[in-house]
Amino acid sequence: MARIAQALLRRLGGMAIVLALVVTVVFIIVRVTPGDPAAVMLGSDATPEDIAQLRTRMGLDAPLIMQYGQFVMGILQGDLGQSIFLNQPVTTALAARAEPTFFLTLFSILIAVTIALPVGILSAVKRGTIFDQIVVTLTMVAASVPSFWLGLMLIQIFAVGQGWFPASGYGGPGTPFLDRLHHLILPAVALGVVNSALITRFTRASMLDVLGDDYVRTARAKGAGEGRVILKHALKNAMIPIITVIGLSVAMLVAGAVVTETVFGLPGIGNLVVSAVLRRDYPVIQGALLVVAAIYVLINFIVDMLYILVDPRVRL
Amino acid sequence: MKKSALVLMTLAALAGTSSLALAQASDGVLTVATIGEPPTLDVMQTPTDIVLTIDQHIFETLYTYDAEWKSVPLLAAGMPELSEDGLTYTIALRQGVKFHDGSDFDAKDVTASLKRWMAINSKGKQVAEVVESLTEDGDHTVVFKLKSRYAPLLATLSQASVILPSEKIADTLTEFVGTGPYALKERKPDQYTQLVRFDGYNSPEGVPSNYAGKREAIAKEIRFVPVPDANTRVEGLISGQFDYADSLPVSAFERVEGSGNAKPVIFKDAGWASMNMNMKEGLLVKKELRQAVQAALNPNDMMLAAFSDERFFSVDASIFPQGSFWHTEAGIARYGEGDPEAAAKLLKDAGYDGTPLRLMTSRQYEFHYKIGEVAKAYLEAAGFKVDLQVVDWATLTTRRADSTQWDIFITHSNFPGDPTTINTITDAYPGWYVSDQKTKAVAAYMDATTDEAKKAAWDGIQTVIYDDAPLYKVGNFNAVSGLANGVSGYEPTYWPHFWNVSPKK
Amino acid sequence: MNTMAAVSMPFASGLRRLLGNRAMLCGAIILVIVVLAAILAPWVAPYAPNKLSIVNKLKPPSMINLFGTDEFGRDIFSRAIFAGRISLLVSLGVVAISTVLGVILGVAAGYFRSLDAPISRLLDAMMSFPDILLAIALVAALGPSLTTVILALGITYAPRLGRIVRGSTLVLRELPYIEAAVAMGLPTWRILTRHVLLNLASPILVQSTFVFASAMLAEASLSFLGVGVSTDMPTWGTMLASGREYMNNAPWLMVFPGLAIVFSVLSLQLLGDGLRDLVDPRLAKES
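As you go down the protein sequences, you meet chains A, B and C in turn. Position 174 of the first sequence, counting from 1, maps to 167 under the numbering used here, and the rest follow consecutively. Numbers in the numbering used here are just positions in the second sequence, counted from 1, shifted up by 7. Numbers in the numbering used here are just positions in the third sequence, counted from 1, shifted up by 49.
Extracted from the complex, chain A is given alone in its bound form (with noise of 0.2 angstroms):
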């Protein structure tokens, strides 16, 4: 137990470094930003005098120094600042539009692991069959496929053409709940399908190198059912690294979800993300890309652990 404790402080302290390092690298960032959120909120007419005007008013005339020492003392106050834009705390304006995010990201994770596990569990268990050869170059196609050409795609197919789907939005305010999830089907299949090549890849790897372990052909050698070894002895040995790619890929779908979001005409973090950047609204910049970071580092913090305590092998 004290072994554990000590390499969770020791991975801790790893992660307060990392995120700290995250913090700096998103402020400079984004404060090298040239144009000017003054000239965009103005809009096409305003003359160079409106504009120096209300750069003053918005604080953008501070030193850098400054604008980073505030910044970083109002992260550690869960404090992102002001939107500028938006003219409501950033933190607010991210809470606002977490639902589509994370309801889309749960759904392609699942729709991606519904399908890895089992076809790379079988395609490793059938290596070298017709059937193995498929999903082989299946996972290579989908994983070299944009998931927002995918979702033009299916929108194309299923909303225009079919009518099944709605082609974009997230259902006006007021919208019931299994509504906006209706709105969340095609999107979570275009992320969820590119990212189950991944995961499938990944399965039937790990299964390949267990299956040829000594315990396994072992448990064979004594006479247990091929469906027992695959399920008891296999899987559960194969899972560990399974699990660490499905938490990267929790991360990895929040960047896909930038640009699907934008394709779907989804009101979340991603979109959100994408008009900050061309409202050249800093703060919003600054906290999605601070708080998505945190989210990966967190993940992977939480992966390590796990790691920790279901594999006595992994090297404290």
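By construction, these hints were calculated from the structure, which means they are not laboratory data. Here the structure is a predicted model, which means the values were calculated and not measured. Worth double-checking, as some hints may not be accurate.
What the hints assert, rightly or not - Label-pair ranges, simulated between beta-carbon atoms:
| id | chain 1 | residue 1 | chain 2 | residue 2 | range |
| --- | --- | --- | --- | --- | --- |
| 1 | C | Leu164 | A | Thr211 | 20 to 28 angstroms |
| 2 | C | Leu254 | B | Thr179 | 56 to 64 angstroms |
| 3 | A | Ile123 | C | Leu254 | 26 to 34 angstroms |
As the list claims (entries may be wrong) - Straight-line Cα separation of at most 30 angstroms, DSSO-like style, residue types lysine-lysine; simulated pairs:
| id | chain 1 | residue 1 | chain 2 | residue 2 |
| --- | --- | --- | --- | --- |
| 4 | B | Lys105 | B | Lys221 |
| 5 | B | Lys383 | C | Lys106 |
| 6 | B | Lys275 | C | Lys108 |
| 7 | B | Lys352 | C | Lys100 |
| 8 | C | Lys108 | B | Lys270 |
| 9 | B | Lys287 | B | Lys392 |
| 10 | B | Lys287 | B | Lys115 |
| 11 | B | Lys392 | C | Lys100 |
| 12 | B | Lys355 | C | Lys108 |
| 13 | B | Lys275 | C | Lys106 |
| 14 | B | Lys383 | C | Lys108 |
As the list claims (entries may be wrong) - A few chain C residues facing chain A, derived, Cβ under 10 angstroms:
| id | residue |
| --- | --- |
| 15 | Val149 |
| 16 | Ile153 |
| 17 | Asp173 |
| 18 | Ser177 |
| 19 | Ile181 |
| 20 | Arg293 |
| 21 | Met303 |
| 22 | Val314 |
By construction, the Cβ of each residue, glycine as well, lies at the ideal position given by its N, Cα and C atoms.
Once you've looked at the hints, dock chains B and C against the given chain A.
Quick look at chains B and C alone, frame taken from chain A:
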């Protein structure tokens, strides 16, 4: 005015009154999909289209535009009394008008509001330069005294110069209280702006015409929902989510028409696209080269690529469109077919040395980009070397303020009530159009007091513009929007408005 | 979009190896075709890519225009071929930058113990940003242009190479002959260039292939979002971005550039997998 236009207007007026007679206050909600989130509701500070569209329901100005884009009374009781020398405007105000907070509208509110407007609004600041004093004369009259004659005064008092209660005025507005037919209830940025019917509304009289005439808040509630993605607006309209969707891509026209749930609405001559040239620095400081640009271009091809087919645009050299009071053929030159030889000759005469022409455009508006692509092809055919820079709108607005960065940028404008409020005509607008003959022509306009005199002066300004070539007018475009079936009484206007509109049953 | 690096496919048997190589051959052939078409574009393409013909706009695929025409009446087939030039150029630039950055950081972290912790933490921090998001922010920061897109994606993918290189260097450092070289007093730079870098070539090559593929997908996404490359010449991503408006009436604007991306990325993945299969699978598994 042309006779046919008169007949049409009368017909429209008749149709308007009959639908008004039938219209009744309704419990319905109108959901309007707009092209984006307004950065603020303070229209004096940020007079962009989206803010003007929403704010016109909440706030009112002293005057407003009728179908001919002439200024007619809104909060004013009538047209101003103008002194002999044309320097004093006495404006009587309507009585019995109330603000949303229940307070009375009076002269004090007008002077306080307009003073704020003259301090922070870009058009207001121009007005401030010629205003000697603005005073109250009793509770229901205000008096403008000018230093020199200023013809666009009423036009500027018709847009963004909104009247707020004097006690709510502050540098940064926190309460948005006006006299309009709808009051602000709630605003959730990036989600919706919710307006509700103002029961104490006191409407001006008269037949509805553009923004003028009787206004009736029929729908109980209007919700403006920002939907920046055009395809989402189309799909939302068709699926019945929106009652009105603003600014649809022309390629969606057939899809909306064939949907059975909504119909496309064309608003003719919504605006005009232009290529503005840098007269301060760089290649195009030479007038011959600017004229060569004009001669090289083919407006029809540019508009066709940008707007798909002729239902959605018209090619017209007059800066103002057919049917407008300001339409004129005066001074038109180098507009039409695109004449590469003539352009090449101008290039040669000017001693063009092959320096690339920096043509800046953005994809914020897809048609800006398309016009840029076609322009590039024509300019190259004439012998220019062209460096087409496709940047985002934020970058474009920043860069164009710096005269070292560009030679041409592409933009669009509406047709303002007063021709001299066109941006390009101002010395300070990016492009920096400064010329003696322009100053003279504009001065003549400012001096004019009658419509006829103004029109003659405008002919002079357009002539000068064609000669100086500060911009190339590409053409007029029609706006396509969509209206759900079952919504009645909607009349297309540049900034869509929803009073007098009955929601679906 | 996808971290192919996270996937390892150790083909156990010789049969699998052969199969893998056949796939690799397939990938190599497609890639050669794409690259040749791009290089020889002016001779291969039937029309100039930017030749406008407004009257012929939005024509469906035919014998005259194999892939149809776009909203300016330009030939999509010709444009797709020329677009390959920019798309390949961007990806190549990204690979170059990320390899240089990744090798410097990775070797420094793996070889010099004192640098390991700070560099590794920095790489961790950089890897915490999803690639597209980081690239968007960087492109927004630097302003969209060909060079900034290359730079942004190069920075984004550098940590991926950095990690692999660090891992391999850690292993190499402990090998007897390197230790012997150190003991003999060979200058450090000499050890690094002669012995370490040379041995890193295969894992770098494998990883670069996957970065190449990822960069191609990322460039398309950035261009699609409107924060990508803006040049006179089209890229597959910008073609998709402008074709979207006509998706209902003229789907060919979307289909062909999309397929071009799929085939190019696929060929790179096949090639990368095959290469990884050829080099020591144990080293490849470090990824």
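**Ascending list of hint numbers which this structure does not respect** = 1, 10, 12, 15, 16
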